[in-house]
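Go ahead and model the full structure; you've got the sequences and the hints to work with.
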Amino acid sequence: MKYLFLGLAIAFELLGSSFLKVSNGFSKLIPSIVTILAFIACFYFLSLALKFIPLSIAYAAWGGIGIVLTTVISVVIFKQSLDLPAVIGIVLIVAGVIIMNFFSKAASH
0 MKYLFLGLAI
10 AFELLGSSFL
20 KVSNGFSKLI
30 PSIVTILAFI
40 ACFYFLSLAL
50 KFIPLSIAYA
60 AWGGIGIVLT
70 TVISVVIFKQ
80 SLDLPAVIGI
90 VLIVAGVIIM
100 NFFSKAASH
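If you count the sequence shown from 1, position 25 lands on 24 in numbering that gives the first Met the number 0, and the numbers rise without skipping.
It should be emphasised that the hints constitute simulated quantities derived from the structure, not laboratory data. Take these hints with a grain of salt, some might be off.
The list that follows gives simulated cross-link-like pairs (lysine-lysine, DSBU-like), each with its CA atoms no further than 30 Å apart [claimed, not checked]:
#1 Lys1 x Lys78
#2 Lys27 x Lys104
#3 Lys1 x Lys104
DEER-style ranges, computed between Cβ atoms [unchecked claim]:
#4 Leu81 x Val21: 18 to 26 Å
#5 Val86 x Ser46: 30 to 38 Å
#6 Ile72 x Tyr2: 16 to 24 Å
#7 Ile39 x Leu3: 13 to 21 Å
#8 Lys50 x Val86: 29 to 37 Å
#9 Ser26 x Lys104: 42 to 50 Å
Built from N, CA and C at the ideal position, the CB exists for glycine as well.
Structure, rendered in structure tokens:
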């Protein structure tokens, strides 16, 4: 269940971030409401995941996976482009999340 909670937190964070862009600075009502509700759900499920997963590990996974998937959404849906430094930075973030989850002793605390 702990990874289901973390997955739901990530999914709602992606929804909230995407609708934050669509809300145009909270000037559009429906996207603004979706953004707020999605972030409430995101933090609720993240708080449930934190009952079982150490903060450093959960936050690294939440942030890392969120960054990668938000980048995919921004490129595919919003037609934004990436340059080489952005791609390198994202790869380094993913590498950090993998290292923390598979090699850090902090994951077992």
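_Structure versus earlier hints - violations, ascending order_ = Failing hints, ascending: 1 and 2.
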